[in-house]
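Chains as they are written, first to last, in the numbering used here: chain L, 1 to 152; chain Y, 1 to 688.
There could be a bad hint or two in this list.
With a straight-line cut-off of 25 Å between C-alpha atoms, the simulated SDA-like cross-links for lysine to any residue are [what the hints assert, rightly or not]: (1) Y/LYS423 to Y/GLU343; (2) L/LYS24 to Y/THR29; (3) Y/LYS473 to L/LEU59; (4) Y/LYS423 to L/GLU65; (5) Y/LYS393 to Y/GLU377; (6) Y/LYS116 to L/ARG32.
It should be emphasised that the hints constitute simulated quantities derived from the structure, not laboratory data. Here the structure is a predicted model, which is why all the values come from computation and not from measurement.
Here is what each chain is made of, one letter per residue.
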Amino acid sequence: MTSLLGAVLVTAMVVFFILQPVVKGLQASLAREDDELTDTEARKRVALLALRDVEFDFLSGKLDEEDYRNLKGEFTAEALAALEAHEAALDGTATEGDEDLEAEIALARESLRGGVPCGECGYGNAPGSRFCSSCGSGLTRGASAGHSPATA
Amino acid sequence: MTILGEFALWIALPVAIWGATLGYVGGRTQRGDLVLSGERSVHAVTLLLAIAAAGVMAAFLGDRFEYWYVASYSNRELETFYKVSGLWAGQRGSLLFWALLLSIFSSICVWLNRKKNREFMPYVVGVLLTIVGFFLIVLLFADVNPFERLAFTPANGQGLNPQLQNYWMTIHPPTLYLGFTAFTIPFAFAISALLNGRLDARWIVLTRRWTLVSWLFLSVGIVFGMRWAYEELGWGGYWFWDPVENASLLPWLTATAFVHSIQIQENRGMLKIWNMSLVVLTFLLTIFATFLTRSGLIESVHSFAQELKIAYIFLSFMAALVGVSVMLILYRMPQLRSENRIESFVSRESAFLFNNLFLVGVAFAVMWGTLFPLIAEAVTGEKISVGPPFFQKVNFPIGLALLALVGIGPVIAWRHATRRNLKKNFLWPVVFGAVVVAALWSMGVRHGLAVTTWGISAFVLAVIAVEFWKGTKARARIEGEGYPQALFHLVTRNRRRWGGYIVHVGLVMIFVAFAGSAYNVDVRQHVQPGDQVEVVSPFGNTYTLTYEGLSVSVGRGQRNLDWQIIAMLSVAADGVPVGTLTTEKRQYVTTEQPMTEVGIRSVIREDLYVILSALDDPGGVLDNDPSAQGADLQVLVKPLVGWIWYGTMVLIVGTLISLWPSVDRRELERERASGSGDAERVPAGVEA
Numbered sequence: 001m002t003s004l005l006g007a008v009l010v011t012a013m014v015v016f017f018i019l020q021p022v023v024k025g026l027q028a029s030l031a032r033e034d035d036e037l038t039d040t041e042a043r044k045r046v047a048l049l050a051l052r053d054v055e056f057d058f059l060s061g062k063l064d065e066e067d068y069r070n071l072k073g074e075f076t077a078e079a080l081a082a083l084e085a086h087e088a089a090l091d092g093t094a095t096e097g098d099e100d101l102e103a104e105i106a107l108a109r110e111s112l113r114g115g116v117p118c119g120e121c122g123y124g125n126a127p128g129s130r131f132c133s134s135c136g137s138g139l140t141r142g143a144s145a146g147h148s149p150a151t152a
Numbered sequence: 001m002t003i004l005g006e007f008a009l010w011i012a013l014p015v016a017i018w019g020a021t022l023g024y025v026g027g028r029t030q031r032g033d034l035v036l037s038g039e040r041s042v043h044a045v046t047l048l049l050a051i052a053a054a055g056v057m058a059a060f061l062g063d064r065f066e067y068w069y070v071a072s073y074s075n076r077e078l079e080t081f082y083k084v085s086g087l088w089a090g091q092r093g094s095l096l097f098w099a100l101l102l103s104i105f106s107s108i109c110v111w112l113n114r115k116k117n118r119e120f121m122p123y124v125v126g127v128l129l130t131i132v133g134f135f136l137i138v139l140l141f142a143d144v145n146p147f148e149r150l151a152f153t154p155a156n157g158q159g160l161n162p163q164l165q166n167y168w169m170t171i172h173p174p175t176l177y178l179g180f181t182a183f184t185i186p187f188a189f190a191i192s193a194l195l196n197g198r199l200d201a202r203w204i205v206l207t208r209r210w211t212l213v214s215w216l217f218l219s220v221g222i223v224f225g226m227r228w229a230y231e232e233l234g235w236g237g238y239w240f241w242d243p244v245e246n247a248s249l250l251p252w253l254t255a256t257a258f259v260h261s262i263q264i265q266e267n268r269g270m271l272k273i274w275n276m277s278l279v280v281l282t283f284l285l286t287i288f289a290t291f292l293t294r295s296g297l298i299e300s301v302h303s304f305a306q307e308l309k310i311a312y313i314f315l316s317f318m319a320a321l322v323g324v325s326v327m328l329i330l331y332r333m334p335q336l337r338s339e340n341r342i343e344s345f346v347s348r349e350s351a352f353l354f355n356n357l358f359l360v361g362v363a364f365a366v367m368w369g370t371l372f373p374l375i376a377e378a379v380t381g382e383k384i385s386v387g388p389p390f391f392q393k394v395n396f397p398i399g400l401a402l403l404a405l406v407g408i409g410p411v412i413a414w415r416h417a418t419r420r421n422l423k424k425n426f427l428w429p430v431v432f433g434a435v436v437v438a439a440l441w442s443m444g445v446r447h448g449l450a451v452t453t454w455g456i457s458a459f460v461l462a463v464i465a466v467e468f469w470k471g472t473k474a475r476a477r478i479e480g481e482g483y484p485q486a487l488f489h490l491v492t493r494n495r496r497r498w499g500g501y502i503v504h505v506g507l508v509m510i511f512v513a514f515a516g517s518a519y520n521v522d523v524r525q526h527v528q529p530g531d532q533v534e535v536v537s538p539f540g541n542t543y544t545l546t547y548e549g550l551s552v553s554v555g556r557g558q559r560n561l562d563w564q565i566i567a568m569l570s571v572a573a574d575g576v577p578v579g580t581l582t583t584e585k586r587q588y589v590t591t592e593q594p595m596t597e598v599g600i601r602s603v604i605r606e607d608l609y610v611i612l613s614a615l616d617d618p619g620g621v622l623d624n625d626p627s628a629q630g631a632d633l634q635v636l637v638k639p640l641v642g643w644i645w646y647g648t649m650v651l652i653v654g655t656l657i658s659l660w661p662s663v664d665r666r667e668l669e670r671e672r673a674s675g676s677g678d679a680e681r682v683p684a685g686v687e688a
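Chain L extracted, bound-state conformation:
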């Protein structure tokens, strides 16, 4: 008898619990929340992390100067492309609340541009350089874009 009562009670509870949303129209959210990383944001993050790793490998003596310059050049180009893609994605959706993000991106871009790689040897040159301090090739503003893979 107790078992029967228990069974009825459990069934009633379960049925009520799972049918309530459908009957009462309770909704679960299906949309992305604001604070989650977007695709382009994730790409940007990964690119920046790769840069940090190269940087750290160099500082800890795992990469020598030349390998470091080459790798840094390549990763910088990637990071820049990722940033631009992210920015392009934001342009479509940007609202007033995104000022912080915009500022962040501007900063990040500036710091990356600071190390803009030479199209020939990959050396990261100081901002505003017109010639590469390492190999002497001419630097154009588009040097980095020429390097980067297609942006999403």
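Go by the hints and put chain Y onto chain L.
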């Protein structure tokens, strides 16, 4: 309670089907009410399965022998501890337990994601409840219902196999099941990503911790099984390439491959199809392992006919999973293209790739060796055994290559390593490895495989030590910190990377221990009281064991023991008494043959392992005949065997460090606020 449990099991099936259907339909139609109902179904199923499991436990504790399952795995005299664990002592309870663990993980997953990753959740719920539903169908319709009643109520049960009455055996299956079931979550997210088309690295990032949790439980579960075999089976080994052991190793191998290859996808946008395939393969192997060990297939192929129903259900389900997964991957193929290409044979990418190929290669070899005898016997009717030599021949070389990659992978440069890069990072570790080999050789250690293993291990440890040293030094310099503080921050700022290194150290320790078995010492001797057995360990010390004679303890059926005959030995190491060891023969009420309990004395470098192989006259001993004290003893010295367990502890610590959230949300926010200009400055990176 037991009746209620049985009832709950029946109700759980329609609830699971309802929830799974609503998950898929809700995801397709984007209706929040349906999805919410689906998510609530997950919790409801968890509650119902918990009631069902409680019902089984109540039947065990209440000695309800009218239930077939209780009568087969328990009796009145069984200790309460083993009655509780009766839930997973046999096939029927295990399947219920599996479903319960999976539904608990599913509930945790739904709860953790109640406010985030919402676009994944409808299909995740659908997949998870499909799997739970499958196990419920097996439980209810494949003649394996744990609540099945006998036509009569026996006066007592048949009791639990004494070999299973061991602490390790009690925690080994649940630990493995935790690993098996936890891997269902990454699988569910992968399928959800395929269904909803979000095929970037996000599903991987979201399930990274689940993958690691699963991997940890699998690793620990396997080691628990080794420990049990070592203590209980009484032949001094811990691994026999037995089908049941192999079944648990298979998903571990592919999960290990997956843990590594996801890093390539996250960092380089490559191997997307491969990762999808690996997650599906690993999940299938967890199901396969459960099937292999819990379908009765392994015990004997001749009982196959009786178990045909469950085998068909399992095989069809696995076939359906493969079919659906392959179709989904093919359908999404265009979006799964690689974003980058492997540029050089000598690069971190290719090291990861080799790691994956080797691991999957080992998995296939083990799978083939496990299944071949079954298939051959089913086809030809003749018993063929694929013994340890096959597995050793295939797996030892690949294992060594993998061990070497543990040292190479983390240090070699991304994209393409130059000659200078290789020299800079590997010269000294290689020299160190060579010095260790030379030193061992000069000391007379000449076993090729063992020396190679130790040489490679030394190389790997040197690489990792240098990594820690360089990292700490750089951080101390950049941040102006003291070395201990720098080391602490180094690890905490990138737990994933440094935790991974620590896991590798644990793994190397385990390999070192494996190689130690090349120097096992085995002495067999017939002894009378007062006789001494001398054993020289490979480390050069001499153990002298003095046989003190036998004592008898009559159990009269308590704890299912009929009698115990205990051999007592005094042990001296290099002439210094270090205590006593006992080894026993035990006769249980529930078995015909007496069981052997071994005596083990562990020190850091080696174990002394004593086996009471045979008694001259057990009847005489039980009758207290003083002339019946003769016995056959087997004394083993097993160098380095303890390092398997120490290495496992290190591995656990490393995995926990990796699992811990690297940077909390607040710190991330602060970083955002200050701008990411510190990309130039902050070393070691932040990984979400």
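Right, here's what the structure says about each hint:
Distance hint between Y/LYS423 and Y/GLU343 is fulfilled; the C-alpha atoms sit about 20 Å from each other, no more than 25 Å. For the suggested pair L/LYS24 and Y/THR29, the alpha carbons sit about 18 Å apart, so the restraint of at most 25 Å is met. For the suggested pair Y/LYS473 and L/LEU59, the alpha carbons sit about 9 Å apart, so the restraint of at most 25 Å is met. Between Y/LYS423 and L/GLU65, the direct Cα distance comes to roughly 14 Å. Compliance with the 25 Å bound is thereby established for this hinted pair.
For the given pair, Y/LYS393 sits about 23 Å from Y/GLU377 by alpha-carbon distance, which is consistent with the 25 Å threshold. A distance of roughly 7 Å separates the Cα atoms of Y/LYS116 and L/ARG32; the hinted pair therefore holds under the 25 Å criterion.
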